[in-house]
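2 protein chains.
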Amino acid sequence: MSDSKKFNAHHAPVGAFASFTLGHPGASGGFGLELGRPAKQHVYVGVESATEAGRFEALPFFEEARNHQQDFVIEGQGDKIVRAPLVPVEWDQIERRFGACVDEWSWGDACFTLYSPTWSIPEPGREGSGALATALIPAVFAEFTVDNRKGARARRMFFGFQPDNERLHIRESWEMTSERIAGLCCGGDYGVATDAPGATTAIHFDVETILGEPDRERFHFGNGTTGILDAVVPAGEILTIPLVLGFHRAGVVTSGFQCSYLYSTFYKDLEEVLRAGLQHFPRYREAAIAQDAAWRANELSDCQQFHLFHAIRSYYGSTQMLEHQGKPLWVVNEGEYRMMNTLDLTVDQLFLEMRQNPWTTRSVLDFAAEHYSYHDQVAFPENAEEQWPGGVSFCHDMGVGNCFSKPGYSSYEIPGLKGCFSYMTYEQLLNWICCASVYVQASGDIEWRQGRLGLFRECLASLLQRDHPDPAKRDGVMSLDSSRTRGGSEITTYDSLDASLGQARRNTYLAVKSWASCIALEKIFRDALETPLADACRDQARRVAATLISGVTSDGTIPAILEPGCESRILPIVEGLAYPLHCGCAEALDPEGEFGPLLEALRNHVLQVIDDGRCLFPDGAWRLSSTSTNSWLSKIYLSQHVCRHILGIRGPEVAAVADDAHRDWLLQPDNAFYAWGDQFYSGVMKGSKYYPRGVTSVLWLDE
Amino acid sequence: MSDSKKFNAHHAPVGAFASFTLGHPGASGGFGLELGRPAKQHVYVGVESATEAGRFEALPFFEEARNHQQDFVIEGQGDKIVRAPLVPVEWDQIERRFGACVDEWSWGDACFTLYSPTWSIPEPGREGSGALATALIPAVFAEFTVDNRKGARARRMFFGFQPDNERLHIRESWEMTSERIAGLCCGGDYGVATDAPGATTAIHFDVETILGEPDRERFHFGNGTTGILDAVVPAGEILTIPLVLGFHRAGVVTSGFQCSYLYSTFYKDLEEVLRAGLQHFPRYREAAIAQDAAWRANELSDCQQFHLFHAIRSYYGSTQMLEHQGKPLWVVNEGEYRMMNTLDLTVDQLFLEMRQNPWTTRSVLDFAAEHYSYHDQVAFPENAEEQWPGGVSFCHDMGVGNCFSKPGYSSYEIPGLKGCFSYMTYEQLLNWICCASVYVQASGDIEWRQGRLGLFRECLASLLQRDHPDPAKRDGVMSLDSSRTRGGSEITTYDSLDASLGQARRNTYLAVKSWASCIALEKIFRDALETPLADACRDQARRVAATLISGVTSDGTIPAILEPGCESRILPIVEGLAYPLHCGCAEALDPEGEFGPLLEALRNHVLQVIDDGRCLFPDGAWRLSSTSTNSWLSKIYLSQHVCRHILGIRGPEVAAVADDAHRDWLLQPDNAFYAWGDQFYSGVMKGSKYYPRGVTSVLWLDE
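As you go down the protein sequences, you meet chains A and B in turn. Once you know that position 643 of the first sequence is 626 in the numbering used here, the rest is easy, because the numbers rise by one and skip nothing. Once you know that position 338 of the second sequence is 321 in the numbering used here, the rest is easy, because the numbers rise by one and skip nothing.
Treat the hints as calculated values from the structure; they're not laboratory data. Among the clues, some could well be false.
Each pair may be met inside one copy or between any two copies, as identical chains are not told apart.
[As the list claims (entries may be wrong)] As a list, the in silico DSS-like pairs of lysine-lysine whose alpha-carbon atoms are at most 25 Å apart:
(1) Lys669 to Lys63
(2) Lys389 to Lys251
(3) Lys251 to Lys310
(4) Lys23 to Lys(-11)
Please take these sequences and the hints and turn them into a complete structure.
In C-alpha cells:
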C-alpha cells in the first residue's frame, strides 16, 4: 500500500474558493486563492531542536528555497549572514491523523493541527446574519503545540511561508500590532495571524537567516520573501499557538456577471478576517472537531472514510459563495479547470449539498434557468440537414476562472465536434431535471416547484423530442443531436473516454439517467396534479426500460451504445438508479415493482462485467468502460453505491478491494500532489486534478 | 552598434502601474499590471499573407506556444484540427520608429502603432474632473493598418495575445458586443477592444487553430488560452483598426495604508476604460502625436533622444496615482523591486515631475513627512556607544509591492549592516531637502513652504548634527552614523557599489549634495525672512566647499571618501551641482562667485578622471567609480548634464561617444528584454531592471 501520510489535502473555508493545501512533501502546498492547483509554497512549521540549541526542525513541507539574497551583488566585504541549520523532520517520525475537518501531524514533542469546519450555510435573509458570517469566514484554523515540559531550555517555535508569487508581497501586518496580534500577510489576499502572547513576526529572504539572527528586532525586512510568526516555549512548559489562516478578495471578483464574495459584506479586508477568526477561535476549533466527529460517525471502513474526507475537502476548496445584484449565487469551480457550475458536476455534488445546504443548489438551478439555458433544433445523425424542433436545455457551465460566459453559452462547448468540447445538450437536460427534482424532495420547497412548473414541462417536451419527433417511434433512448453541434455529435460528461461513454446518442448510461429523469418528473407532475404529464413521464420511463431490456445480449450484459457492433460494456450504466430514492420515488426501485426487470437486467450486467473482469483493472480498481483505461473516481464511488445499495450486490469487489486500489491511486506520489482527483489512466492522474466531484462518496453514508 | 529595433519598451498609461510592453523578440511583452518585469505574453499582430492565402505573418513577438490542446486526451478518432501556418515577420522587413509617446512598426503593407500619451495630471480638486479623467485613463492606444489597395483578395488581420497567467482567464467581453465593440479581456484586469466595423473576437487554445478555422462563429471557446480580435480588409482597400489596450484594478489595492487608484473613481471597471478609450480615441491619438513631437522638439542627438524617450516610458510604467482617504498620493514603484516612493529615486525623477506635475512630488514629500520620517541619535564610528542627538530624517521608501511598510520604517533598511540594505539616513535627509526646495521653486507654492518651515528647520539642525555635534568642529561633511544602524554604517543610494559610493560617512558625493542642500535651505530661509538660519546654511555650505577643496590630491582629483588611503575616484561627486539652478540659486554656480573655487576643483576632478580613463570603460561608457565595474545609467545621465551644463566640459567623451556606448548597453539582447534599466556591470544589466530612474535625462533638455 502507498504511504498514507504523504498527500496534499485541501484545508478550505466554505465558499471562498480558497485552500490552505498541505501534506505532500516539499514546497507543494500553502495558501491558494482561486487556484486550480496547490500553491507550491514553502511552508515552515518548525521548532528548535530539543537536543541541539540553534538547530531547527520543521515539517517536510519546504525545499531548499531560492536565495534571493544572491540577487543583490554587494562589492567589498559584505555583511556576514548567519543562517541557522534547518532540517525537515523525517517522515517516519511523523504521525498524521486525517479527518474531514481536522488534519493533524505530530512528531517528537510537537503537534500541528489544521481545522477546517464544513458549516451548513444559512440562506441569506432567512435568519440573522451572524450564523452566515460564521459559516462564510474565509479562513481555516490551526494550532501548533510544542510540549517542552521535559525541556531544559527555551525553544523557538515558528510557522512561516515563502509564497511563490511575484505580484503579491509578503508583509507584516503592522496595523494589527497595537492589538497584540502578530500577522503575516501576502498583499491583501491571504495571511496568517496569532494572538498568542509574545508571538512576533519577522521577514527576510529566507527562514534560515531569520532563525540565525539572535536580535529579534532586526528582520522586519519588507523586501524579504519569507516570513515567520514565532514564539518561545519556555523550559518546562507546553505552549499552544492558535493560528488563523485567512483569505480575502474584496469588491467585484467576476466578469460578465459582476459578483462579489458574500463574505466581503461581513469582512471588509483580510485583517478583519484574521481578527474575527482569532476572536472566535474556540468556536471554530470546537465546530471543526464536532463536525469531524460527525463525519466519522458511520459504519464506513477506514479506507472509505479516507475517500470521503479527502473528497469533502477538495469540494469545499472549489466552492464560491457569491453575491450577484443582492442575490446569493453558489458556484463550484471545476478543480484544475475552474469552470463554473459545470452542470454535470452539480448533479454529482448534489448529494452533499442536500445534506449541507439545499438552497445553494436551487441558486445554481435558477441561475442556469435564467441565464444559461437555450432552445435548439434536433436532427438525426444520418441527416443533419433535416431539423426538428428540439426544446430547452442547459449549458455545460457558466464560465471559467471567474469569467461568466455569454448567457446561453458555456465556456466549454464548441460546435462542429464529435468528441471532447462538443455539446452535452441531452445530458445537461437530464442533469437539470435530476437536480431540480432532488432539490424539491430534499427541501420540500413546493413554492419553487410550482414556480418552475413551466420549465419542468418544457424539460419533458425537450426530453421526448430528443428520443424521436414522432411519438409513435419513441423508444426512450436519445437518437437526435442538438443543432448546437452544427453537424457534430453530442457527447456526455465522460468527454475524454471513447465512444462507450463519450457518445451521447443511444448511450445506455444516459438511457438509465433519462429513465430516472422520467421517474422524477412523474412525481413532480403528479404532486402538482398534472396527471396527464405524469402519465406521459411514466410511459416514457417504461419505453426506456423496455429498450434497455431488449438490448441485453447473450452474455447477460447491455452494450454501452445501443448500436450494432458495440463491444463496450460500462459500469456507469447504473448511475441513474441513484436518483429515485432522492426524488421520493422509492417505488421505482422495488425489485417486485414495475421496473423490477430493468433492475434485474442491470444487476446481471454488473455482476457479469465484474465477474469476467472486463470492468476491473488487475488491482481490483474499477474500470468504468471495458474499452478504455480512463476511469473516474467520482463516478466509481457513485456506481459502487448503486451496486451495493440499490442492486444489493455484495462482496469485496464492490467494496474493500476496490476501495483499497482506489486509495492507492490517490496516494501514488505524483497523484498525491494534486489532492483529490478524478480522471485516472490506469491509475495515473491525468485530468480533473484538484477536483470537487468526489463527494458522490457521501452516498455511502446512506447505505 | 547593436540592432536598434529589438528592445522592449514600456507603453504605459500615466499613474496606473501598468504597461503594455513590446519590442523584444519572442514572447517577451504584453499586458503587465503591477509587474516588476515584462509580462512575457505571446502577442500577435498579424495579417494574412499578400501572396499566399491561408498563410499568416505576424510581428515576431510570439514563440511556439504551449499547446494546451494536448492536455485533453481524447480517445478514439478525435476531431480534426486545422492549424493555419503562422510565421514571424523577418526582422529585416521591419522598420521601427520610436518616440516618447509613439512607437511604430511597419512592414510590407502593414503598420502597427502604439500611442501612449504623457499627460500632465491636473491636481484633483483644483479644476474640473474631466481633464483628470482624461489624463488618468488606464489605457494605451494602438492603430493597426493594412494597406490592401494592391491586393486581389480580402485578407484577415488580427491582434491577439496569449497571457501566461493561470489565475486570470482570457474572455470575450460579451457585455460590449451589443454596443458593437469587440473586446478581449483577461479577467477584469486588462484587455483590448475595438469598435472597427466588422471586427470580431475568437478564443481557442492557440492562434493557429483560430486562423485555420473558416467558420468565424465556431471559436468562442471560453476554455481557450489565446484570443484574437480580427477584421477583414477587402481587396483594393486600406483598413485601420483602432485598439484600446486597457488595465483596471478596482477598490483597495494597497495594504497598510489602504489606497485605491484615483482612476477608479472615473472608470468603475475595465469595460468602462475600454469604452471611454474608444469614445475619445482621436483625442488620445492626437495628444500622443503632439506630445511625442513636443518631446522631440529639442537639439538632442538621435542617440540622446533614444535614451530620453526610453527612460520616460519606463518611468510612467512604474507610476501610480493613488487616493488615500480622499487625498491623492503619487507613488513611483521602483521597477523590478517595486519599492514605493524610494526617496533616492524621487530626487532623481524630480526634474521630470517639475515639468509635468510638480504637485505630485509635493504629495510624496508630505506623505514622507507625515508617515515616513523619524528621529534618531548619531554616533561616531569609533564609538558607537556614545550617542549624540541626531534629528529628523526620512525613510528610504514607503513600502514594496503595494504594501505600505510600518510608519517610520522603510521596507529596505535593516539595522546592524555596513553594506546593502543598511540605513540611508543622511542621504535621505538631503534628498528630502533637495526635492522640497526644487518643488517650492518650480511651483511657487509659498503657502506650502511656510507650512513646512518647521520641518525645514529640523532638517537643517539634523544635517548639522550629522557633521559634528560640536559646532566648532564641523567641516561640512558627514561624520556620524544614525543610531538606526545599531552599530552598522550608513550607506548611500549606490548600495551595491564598493565603499567609493556605498559608504555615506565622509563621502564626497554626499558632501556636494549636502552643499547643494545648504544652498537650497539658505534660499528657503532667506525668502522666509529667517535670516540667521539662512546665514547658518551659507556657513555650512562654505565649510563643505573648503573641506572638499582641501581634499584635492596632487593629481587634481578628490577622493571618493575623505579618509586616509582612499584610492577611489568617482564621477557622481558632481551630482549635487544639478540642484542650485532648480532651487533659484544660480548665483552659487557662478564661476566668479563665492563657490567658484569649488566648481573649479570639481571641474578639474572630472577632466582628470575622464582624461586618464579611470572613470571610463574601454568603449567610452562612463564608469561611476574608478574602483567598481558597476555603473548606473540614471546617474551617468545626471552627471553628464552637470559636466556639460554646469561645469562647461565639452567634447565627445561627455556626449556622443558615451551616449552611443550607453545605448549599446541598453540594446544588448539580454539587457533589451528589460526595457530601460539602471545598473550595469561592465555593460551587463544585473540590477535595477525595468526601472523608472532614467528620467534624469530630461535635464539634457535644459542644456
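Practice problem: Could you tell me which of the numbered hints above are not met by this structure, giving the numbers in increasing order? | Solution: Structure breaks no hint.
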